Amino acid sequence: MRIFDPHIHMTSRTTDDYARMSAAGVRAVVEPAFWLGQPRTNPGSFTDYFDSLLGWEPYRAAQFGVVHHATIALNPKEANDPRCRPVLDLLPRYLDKDRVVAVGEIGYDSMTPEEDDAFERQLALAVEHALPALVHTPHRDKARGTRRTLEVVAASGIAPERVVIDHLNEVTIELVHGSGCWAAFSIYPETKMSPPRMVEILRRYGLERMLVNSAADWGVSDPLLTLETAEAMLKAGFDEDDVDKVFWRNPVEFYGQSGRLDLSAVAGADEPTFAGSSIKRGGE
Amino acid sequence: MTTIDALRKALTGTPGWPWLEEALAKAAERPESAVRPFSSAGRKAGRAELPDAPGWTADEAARALLLAALPPDRVAGDVTAFYQYGDADEKRAVLKALPLLPIGAQAVPLLLDAIRTNDARLLAAALGPYARHLDPPAWRQAVLKCVFMGVPLDAVHGLGERADAELAEMLAAFAEERAAAGRPMPADAAALLSRLTSEET
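So the protein lines, in turn, are chains A and B.
Letter by letter, the first sequence follows residues 1 to 284 in my numbering.
Letter by letter, the second sequence follows residues 1 to 201 in my numbering.
Mixed in with the good hints, there may be bad ones.
Said to hold, decoys possible - Below, a list of computed lysine to any residue pairs in the SDA-like style, where the Cα atoms sit at most 25 Å apart:
hint : chain 1 : residue 1 : chain 2 : residue 2
1    : B       : 44        : A       : 169
2    : A       : 245       : A       : 169
3    : B       : 26        : A       : 89
4    : B       : 26        : A       : 91
5    : B       : 44        : A       : 64
6    : B       : 145       : A       : 91
7    : B       : 145       : A       : 64
8    : B       : 26        : A       : 128
9    : B       : 44        : A       : 92
10   : B       : 44        : A       : 245
Unchecked claim - So, partial list: chain B residues that the calculated Cβ filter (under 8 Å) puts toward chain A:
hint : residue
11   : 39
12   : 85
13   : 87
14   : 128
15   : 132
Rather than coming from a laboratory, the hints here were simulated on the basis of the structure.
As the structure is a prediction and not an experimental result, all values here were calculated from the model.
C-beta atoms are modelled at their ideal positions from N, C-alpha and C, and glycine is treated no differently.
Construct the complete structure from the given sequences, taking the supplied hints into account.
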């Protein structure tokens, strides 16, 4: 089984995690830029973080046979802090880089006017730099936040198939399904989604434009819940090809839209993925 | 050591050349415009080794030409920004380009930054010809760090000429620690130590 975790914060994880992930079949990850638990107080903290996502972390991952890409953005929570907002002007410096496969995580935390502004500006940056967008949905007031997210995405002019709406659940998938955007689900030990609930959603809504991630970070989370969900799919009657679609071909297709996904270091990555799209470097 | 002209010749006629020529013309007019092509150089110019510029890949050479196209009065400052905002490949390209640019010793802080990292690719790139501007203690520490991290010593430009008795002493102490721990000394470091000590006697 080959697994691509399309959303995981490896900066917060140890080399033990990399070793366990590698042994479980995780061959590729995307690490979205997000907050760190401890608030940042200046743009330099962001650029050091971006630097780490594009330099040190892929280097660390490679030592365990894991290919690492990143998404870059000012996250919704810190978009509210005037000390952090100047990083918006530094983002263009990062958005043409090789291992940047989307703008993200963007979207809403508390749905403030500041978040509206950062969200809209960063969707425009995604269009300008020919990147997909990874959109976080809020923990609180999630359904309203998801509805508003879809309105802002539609108004931005970005193609819906280049947008993934993340951290969905049984309620909010109803809103995203049929919008043309990709739907993503984070499997957590206690909160968000669980493997059995995820399998039910896949049964009900199908496998098209669906992404499943561990979103593992510095909180209670588990980088192997991708594997556990894949095994739950098999037990529930999905076949190996279905699992490969959800846990490999779908993330390859979504992030492959950047033209920058480089899986040349992954054995077997050249197996048929999806029609007409190259995952090779230079596929832009 | 290669030159900017040699890199230009090695890139002329490659598939990415028309793209690069246009980017270079724009950068000469408006230096700020070099930022985007500098980042996308690998996707546009390719990443193959250049047969006519041994040790250089197409993207590294393209990035060196973009830096060389900057106005001489601002190149030192801009190089620092390209390094600071660069991913690992971009940082490597900056480090390799330093000896080819009209900047004297102004970029030494970039070498010191690369040497502080634990990224073997950056450490190796910091010890090219531009490392002649490092003072002897910093240079010796960097060589020893290569040994420690398993970076092959052939990455160190001018090692034969610059290695001195002080470095020999540091290598000997390191060899002693390794022996005490029952771990081997890398062969190239052992050979260097043996050569340096035999020269002394």
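Given the hinted pair residue 145 of chain B and residue 64 of chain A, is their Cα-Cα distance within 25 Å? holds, 22 Å
Within 25 Å, alpha carbon to alpha carbon, are residue 44 of chain B and residue 245 of chain A? Judged against 25 Å, a Cα distance of about 30 Å means the pair is violated.
Against the 25 Å threshold, does the CA-CA distance of residue 26 of chain B and residue 89 of chain A hold or violate the hint? It holds: about 22 Å lies between the C-alpha atoms, which stays within 25 Å.
Does the alpha-carbon distance linking residue 26 of chain B and residue 128 of chain A stay inside the 25 Å limit? holds, 19 Å
Check the hint pairing residue 44 of chain B with residue 92 of chain A against an upper bound of 25 Å on the C-alpha distance. holds, 18 Å
Below or equal to 25 Å on CA atoms is what counts here, so check residue 44 of chain B against residue 169 of chain A. Violated. Residue 44 of chain B to residue 169 of chain A sits at ~40 Å, over the 25 Å cutoff.
Between residue 145 of chain B and residue 91 of chain A, is the straight-line Cα distance small enough, at 25 Å or below? violated, 34 Å
Return the status of the interface hint for residue 132 of chain B: holds when the least beta-carbon distance to chain A is below 8 Å, violated otherwise. Violated: closest Cβ of chain A sits about 26 Å from residue 132 of chain B, beyond 8 Å.
Hinted contact residue 39 of chain B with chain A - closest CB pair below 8 Å: Hint on residue 39 of chain B: holds, closest Cβ of chain A at ~4 Å, below 8 Å.
For the pair we were handed, residue 245 of chain A and residue 169 of chain A, check the Cα-Cα distance against 25 Å. holds, 20 Å
When the least beta-carbon distance from residue 85 of chain B to chain A is tested against 8 Å, hint result: holds, 5 Å
Does the alpha-carbon distance linking residue 44 of chain B and residue 64 of chain A stay inside the 25 Å limit? Violated, because 29 Å separates the two Cα atoms, which is more than 25 Å.
Violated hints for the displayed structure, listed by number in ascending order: 1, 5, 6, 10, 14, 15.
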